[in-house]
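Kindly produce the complete structure, drawing on both the sequences and the hints.
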Amino acid sequence: MSKYIDKIHKDVRFIEGLKACMNCGVCTAICPAAEFYNFDPRQICNILLEKDEEKIEELLKTDTIWYCGQCMSCKARCPRGNVPALLIAVLRMLSQETGLFVESEKGRQQYAIKKTIGENIINTGYCVHVDHVNPKLHPEQGPIWKWYTENAEEVADRLGANYNKVGPGALRKIPNESIDEIKKIFQITGGLAFFDKIDSFSEDKAKELHFNSVKELLNDEYFYHVFIHNSNNHNKQ
Amino acid sequence: MENRKVIIIGGGPAGIEAAYNLALNNCSVTVLEKEAHIGGNINNIVKLFPSFVSADEIHENFSQKSQHENIKLYTNTDITQLFFENDLWHAKDASGETYTADALLLSTGFKTFDARFKEELGYGIYSGVITSVELEAMFKEGKITTPEGKIPQRIAFLNCVGSRDEKVGNHYCSRVCCINAVKQSISIKELLPDTEVFCFYMDIRMAGQFYEELYRKSQEKHNVNYIRGRISEAAATIDNRVQIKCEDTLNQLPMKMTVDLLVLMVGTEASDGTTNLGEQVGVKGEYGFAKSLNLHGADNLTIKKGLFLAGSCKRPLTLPETMADSRAAAFEILNYLNQN
Amino acid sequence: MKNWGFTISTSRTIDMDKADLKTYNKITEKVPSAKRCLMCGACSATCAAHNHTSFNFRKCHLSFRRGQFENLAEELDKCMLCGKCKLVCPRGVNTRAIIFNMRIFLNDLNYKKISL
Amino acid sequence: MGKQYWKDYQKQIADDDYFYERSCIRQTFFPGSETAFLKMMREVLGKNIVDDTNLHTCTGIGFYSGVVQLDTTMTIVARLFALMTDSGLKNFVPSCVTSFGLINEVVDIWKHFPEELDKARRFLKEATGREFEIPENVAHPSDIIYKNRKALKEKMKYQLVNKKTGKPLQVVEHIGCHYSKIFPDHVVGSAEFPQVLAGMIDEWGGKVIDYPERRHCCGFGFRQYLVMANRGYSIANSKKKFESMQAYEPDFIVSNCPGCSMFMDKWQYTIAEMEDITYDKNKQGIPVLTYEEMAGMLLGYNPWELGFQLHQIQVEPLLDKIGIAYNAEEKYIGKSGMMLKTPEKPLNIIS
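Chains as they are written, first to last, in the numbering used here: chain D, 1 to 237; chain S, 1 to 340; chain B, 1 to 116; chain C, 1 to 351.
Hints are computed from structural coordinates only; laboratory data are not their basis.
For each residue, glycine too, the CB sits at the ideal point set by N, CA and C.
Hints may contain errors.
Claimed, not checked - Restricting the straight-line Cα-Cα distance to at most 25 Å, the calculated cross-link-like pairs of lysine-lysine (BS3-like) are: (1) Lys19/D / Lys55/D; (2) Lys150/C / Lys167/S; (3) Lys146/D / Lys345/C; (4) Lys39/C / Lys167/S; (5) Lys164/C / Lys321/C; (6) Lys331/C / Lys345/C; (7) Lys19/D / Lys167/S; (8) Lys111/S / Lys65/S; (9) Lys47/S / Lys140/S; (10) Lys173/D / Lys335/C; (11) Lys11/C / Lys10/D; (12) Lys136/D / Lys26/B; (13) Lys236/D / Lys18/B; (14) Lys173/D / Lys39/C; (15) Lys146/D / Lys331/C; (16) Lys86/B / Lys217/S; (17) Lys2/B / Lys217/S; (18) Lys221/S / Lys86/B; (19) Lys111/C / Lys19/D; (20) Lys184/D / Lys119/C; (21) Lys136/D / Lys341/C; (22) Lys119/C / Lys10/D; (23) Lys189/S / Lys18/B; (24) Lys146/D / Lys335/C; (25) Lys335/C / Lys165/D; (26) Lys72/S / Lys92/S; (27) Lys26/B / Lys217/S; (28) Lys2/B / Lys283/C.
Stated by the list, open to error - Chain D regions said to be covered by chain S (calculated; three or more residues, Cβ under 8 Å): (29) 4-10; (30) 40-46; (31) 72-84.
Here is the structure:
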């Protein structure tokens, strides 16, 4: 019985994203990830064309599928109309559904993204909002960003925003009815169950690695671990 | 010579070779060539692969053949309309003149791919990016230079430009570019031994007699470097050189380099004449090439009575293949004329 | 020093403008047949070491051509010099001699590094 | 530039009656840009554009970083379309480049896989009771500005010209991968040479720099930036671009995508602080503008209402070059008129 291949082959992104590959390398040539990570989108196509369950399982467990930046530069260039980035998106979903993502350093980071972006969406209706970009987690944002977050309403509203208030405008508070509908959509489409999967696999992994994983983000050791840890072993073949 | 009249559209190698063989067999042949001279794409070539025979020599040979007394040659004659009426083929040119014969041979040949369609390679935008046709013109002048008139220190060839590429609608292999790149890289090394030459390829398709040997010679004797990877992007640097990016696929690593000239090995496409006339008479096949009745056995015949095909109007062919195909076409035409 | 939590990644791209492409000539001077290598991989396919370790002669040869010498000496140490690769090469490349000469060069390079 | 085949093809951009979808990133980092765009649309061009209270994220950042599934994203997009349909409009204008890419991707999937469209309709109905129409036209705000570049020019007080030398400013334009690379036929120009920003720059007096890494990604990479451990990838990609453009001495960078604008601004600061490298001659960095800021600046909008004070790389040297008057003392004033404490100064970059 096929464990992964049937699922992969049903995804519209796979159907759109892979025809046949002639290994020309135009995708890897301009891939921003290939330059800085041990990543070769050309070979992702090859592994999927081989239809080898074991190799696919291996892929789902490794850092490889988490290196792509989803910039889609490969889509514009492939002479066979393949889109390695779409294949990566399919593999990432499968890796999380099967829980294999916690087997790799880069895969485990999904927990941090779910905790930040994922929860931002269902709780506030924004992927990102001024209040979400904490200067402590974003030192590279620099002193002006810090100044902005300290004076968010004064600064943003001078620029015509409607910072955390009801009514239209930038950075407004999104009405509760809209948030409720977003949550309902997540519930019905399986988005919430998917979040729960990421959490539960991650919690198990946190236990295995002896981290405490708690609901409050800023006290969550496992969150900090996956958010910060870098083995610096990602650009060697 | 009653009922042995043949019209040939296109005075390139295919047309002339067929005309000559028909003329030898007592046919009255009318060759209609849209350009001022016969020879077609041969006119753009200096030396032929794999023998390095001078193209002028071949051209001279065609010239002599075209002067056979049974051949009437009309140059500057652009045929715009073909039709079959009263068991005869009629060809009408742009000025309204009509030519009539018992049989008609389409030998309208190919054109090279317009590299401007591959914008990521910067042809027509950056002056250091040229086509294999333009490089051949430089060989004609005997001088290979950068856009600034300097001697190039580094030249890259890129295969499969306009071939094997869904994005430009050409899925097929043009067959002649690989060996042409080998030939051109050797010619460069003969003129400029100190220039580094890199040849970017996906597969090196050396499917002809002495091709593989020539490829090997280019490596051993001329130090031509072959890199397996298709160039993904070319851009000009501030000093007007060309930065190229590819994957060194056998090394599984991205690669970049700066070259003085990037030569695009432009593939072959059906010529406009092939596509337009083929469509008019209902023999237009895939990619605009003319479609023969049956690849295995009736490759010079078409679904139309008295209409024949020869040469690269059907598909990418080398010169020897074209000439052999033309002789076969002449034979088929003679059979047809004898039966009718 | 401020703690940013990350450092700027370094490029893996082979930059042919900076790569040492000259050193490979030392190999081809000694082993002219190296020039006609097709990179077909028949050598690696038949290689006993390749079947049991990460050793890949074709790739080592190519790395050397591109002037990438890092970790190459360690890789080449995995070769047992049995010469099977030479027997199967369709272009008659003296693969064994290439390995010898790459090793000699890399030893020199290491020696220079240590003595500096 | 040579002959360009895309000139035969021109993207359809609706003329009026737009439904605006705000961008998470743009309103967070450049709220003044969205304000300026709406102001230009309504006050300068007299267009009807709706800014709905019930708008929300398209989930793009979550989707492309792999925490939101395709079904969920398609249904969220369907809700945005339902809001548009409820407003009686047919022209969808996503402010974010990632949204623009995502919206086009979803519509494209629906076109090729009608069963996915049925599924999205069913999910949305079940979750919210809403129904929707697919937009007739999806255009990025920059497309609309491009289309109206001549009309805007007539109202402009300044040009992209160095006041002292009279020469055109040298401008780096950055297109944003999800604008041009996903669906080249939804681009003004081509995937390789998009004209949307270049056309504005040319029209408004500047000169576009064509540097080798022009088409390279800024390095956002979604999960690559969002997780601290991966940011080395993001900054390295931007650095590659800066190194490539440096020799051309750009006067400023303008970007189509809010993320790219923010990164190219912030990474210059980070590189300066990490390695003491800046990419201009004066150790001030290269200012990075959004296209709305570029247009607003030339229309004579107050720089501090456009939001230039939010840039880490200071924009004043550019304003001085063009000869735009501004009141330096009003830079750090809040909405209430209160003078705010000024931000700290970085070490290695003049600010």
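Task: Contradicted hints - numbers only - done: Hints 2, 4, 11, 12, 17 and 29 not satisfied by this model.
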